[in-house]
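Order-wise, the sequence lines are chains A and B.
Taking this note's numbering, the leading residue of the first sequence gets 11, the next gets one more, and so forth.
Taking this note's numbering, the leading residue of the second sequence gets 11, the next gets one more, and so forth.
Calculated directly from the structure, the hints in this document are not laboratory data.
Be careful, since some hints might not be right.
Okay, derived cross-link-like pairs now, DSSO-like style, lysine-lysine, Cα gap no bigger than 27 angstroms in a straight line [stated by the list, open to error]:
{"#": "1", "chain 1": "A", "residue 1": "Lys244", "chain 2": "B", "residue 2": "Lys91"}
{"#": "2", "chain 1": "B", "residue 1": "Lys91", "chain 2": "A", "residue 2": "Lys15"}
{"#": "3", "chain 1": "A", "residue 1": "Lys244", "chain 2": "B", "residue 2": "Lys89"}
Sample of chain B residues lacking proximity to chain A, with all beta carbon distances greater than 12 angstroms (derived) [what the hints assert, rightly or not]:
{"#": "4", "residue": "Glu51"}
{"#": "5", "residue": "Lys89"}
{"#": "6", "residue": "Leu131"}
{"#": "7", "residue": "Leu141"}
{"#": "8", "residue": "Lys180"}
Partial selection, computed: residues in chain A whose CB lies under 10 angstroms from chain B [claimed, not checked]:
{"#": "9", "residue": "Ser12"}
{"#": "10", "residue": "Gly14"}
{"#": "11", "residue": "Lys15"}
{"#": "12", "residue": "Asp41"}
{"#": "13", "residue": "Lys62"}
{"#": "14", "residue": "Met102"}
{"#": "15", "residue": "Leu103"}
{"#": "16", "residue": "Ala117"}
{"#": "17", "residue": "Gly118"}
{"#": "18", "residue": "Pro125"}
{"#": "19", "residue": "Leu131"}
{"#": "20", "residue": "Pro140"}
{"#": "21", "residue": "Arg144"}
{"#": "22", "residue": "Leu167"}
For glycine and all other residues, C-beta sits at the position ideal for the given N, C-alpha and C.
Protein chains: 2
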Amino acid sequence: MSLGKVYLLGAGPGAADLITVRGARILGQADVVLYDALVTEEMLALCPQAEKISVGKRSGQRSTAQTLINRQLVECAQKYKLVVRLKGGDPMLFGRADEELRALETAGIEVEIIPGITAALAAAASSHQPLTRRGIARSVAFFTSSTAPGQPEQTTLPDCDTLVQYMGGKEAIATARKLLDQGRSPDLPVVVVENCSRENERIMRLRLCELEQGLAHCQGPILVMIGEALAARK
Amino acid sequence: MSLGKVYLLGAGPGAADLITVRGARILGQADVVLYDALVTEEMLALCPQAEKISVGKRSGQRSTAQTLINRQLVECAQKYKLVVRLKGGDPMLFGRADEELRALETAGIEVEIIPGITAALAAAASSHQPLTRRGIARSVAFFTSSTAPGQPEQTTLPDCDTLVQYMGGKEAIATARKLLDQGRSPDLPVVVVENCSRENERIMRLRLCELEQGLAHCQGPILVMIGEALAARK
């Protein structure tokens, strides 16, 4: 039996034209697309020809278990020629790519990976706030507090100049508390971007001590960026 | 006098089809494009209509000083309608965007930022090595050791699970030494990607203690990724 090829493909932050040119081309050729909860309707409009399978996972919500997604990917490659696994953001950053790659490699299936714009960079662009700044910030941490089952909660924070917390609702509040406990200034600049690059995008500029209050009314996917580099200019 | 609009636009890692769809569209409409040393010929082929100005900077080589680039950007916006400042990778990460934004905002010029695929994510895709892994790595540091004039050298390393050093030739050797001095295993996995996403791309899989030797023959732009998440699978 001849096997198809699987693309792990980064959809980017949401806006359909923030996918790469290569990604859009492959999407338009796909036989079947397995997509995440973070992938938008307008992105799926780029592959009208493809069968579409939702395998959305959102923390705390009902979801397709990762092992089931792995199995679906292998089955699709046994059935179709061109399979796309479409992931919000970039596949190699907080995307469970390791687990999917293992399953596909074990089954002898060819894989190609197409990178995507990760949320942090789209949020920096939207808010006009560079994540690095000469003389101020030359290291950036992308991190998450989500834990694997049985894994202990992360107790220390990365010590980079700029911190970007992915999937950080309640977790970002814990981050703010830890930073304040460490003696960081309550005035440390924070930028929160909700629904990045989408029509309902919202940008909040806060101080570290205001983060908890600021997050109270967020409902969409958010990204929290903290550091001196995020200070408003002028 | 009516002023033009300036786009800070991420070209991505090099391959012409790893620019975003939005980026390619704007590039095709540009009146003038000011581009970096890291921007490839095939990328510039996307804007045959535009005047092209090289403002390339490569560490240690002769280059256009940043203040001159800032001035050129403002002058171009006074002369042209659609100005693109095309930067290798993403503009908001190690891209001096802060300095260019200040100059443009001071001159009252409208700016839009279009993100690009940053080298780390393209390198992760090329090497099939995710930067995060459940239970192993949930934080990634992107950092550089390049210093601003008068700024002290960075002596401590970020303490994230995965380290990605940008513009790290000699500097990555110093990083390896520091990690070994900290007691990290000489077997810690390292992936080096040279000329990422280009025809002459080269991927090296090393152990931490082999990094210095491995870098000896690199000449193109390189990216150094270090951490348990970079271990070969199976």
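*Interface hint compliance - Asp41(A) to chain B, C-beta minimum distance less than 10 angstroms*: violated, 21 angstroms
*asked:* Checking a non-interface call: every C-beta of chain A should be farther than 12 angstroms from the C-beta of Leu131(B). Is that right?
replied: violated, 4 angstroms
_So if I understand the rule, the pair passes when the alpha-carbon distance is 27 angstroms or less; does Lys244(A) with Lys89(B) pass?_
The hint holds at about 25 angstroms.
*Against chain B, with CB atoms and a cut of 10 angstroms, does the hint on Leu103(A) hold up?*
Leu103(A) check passes; min Cβ-Cβ to chain B is 6 angstroms, inside 10 angstroms.
*Does Leu167(A) pass the interface hint, meaning its C-beta sits closer than 10 angstroms to a C-beta of chain B?*
With Cβ-Cβ at 9 angstroms, under 10 angstroms, it holds.
*Holds or violated: is the Cβ of Leu141(B) farther than 12 angstroms from all Cβ atoms of chain A?*
violated, 5 angstroms
_If I take the minimum Cβ distance from Lys89(B) to any residue of chain A, is it greater than 12 angstroms?_
Holds, since 23 angstroms exceeds 12 angstroms.
*Decide if the proposed pair is consistent with the structure: Lys91(B) and Lys15(A), CA atoms, cutoff 27 angstroms inclusive.*
Distance of about 44 angstroms is beyond 27 angstroms: violated.
*Would you check whether Ala117(A) satisfies its interface hint, that is, whether its CB is within less than 10 angstroms of any CB in chain B?*
violated, 13 angstroms
*Regarding the hint that Arg144(A) lies at the interface with chain B, is the smallest CB-CB distance below 10 angstroms?*
holds, 4 angstroms
*Have a go at the Pro140(A) hint: is there a Cβ in chain B nearer than 10 angstroms to its own Cβ?*
At 4 angstroms from the nearest chain B Cβ, Pro140(A) passes the 10 angstroms test, so the hint holds.
*asked:* Quick check on the hint: Met102(A) CB to chain B CB, less than 10 angstroms?
replied: Result: holds, 4 angstroms to nearest chain B Cβ.
The earlier numbered hints that this structure contradicts are 2, 6, 7, 9, 10, 11, 12, 13, 16 and 17.
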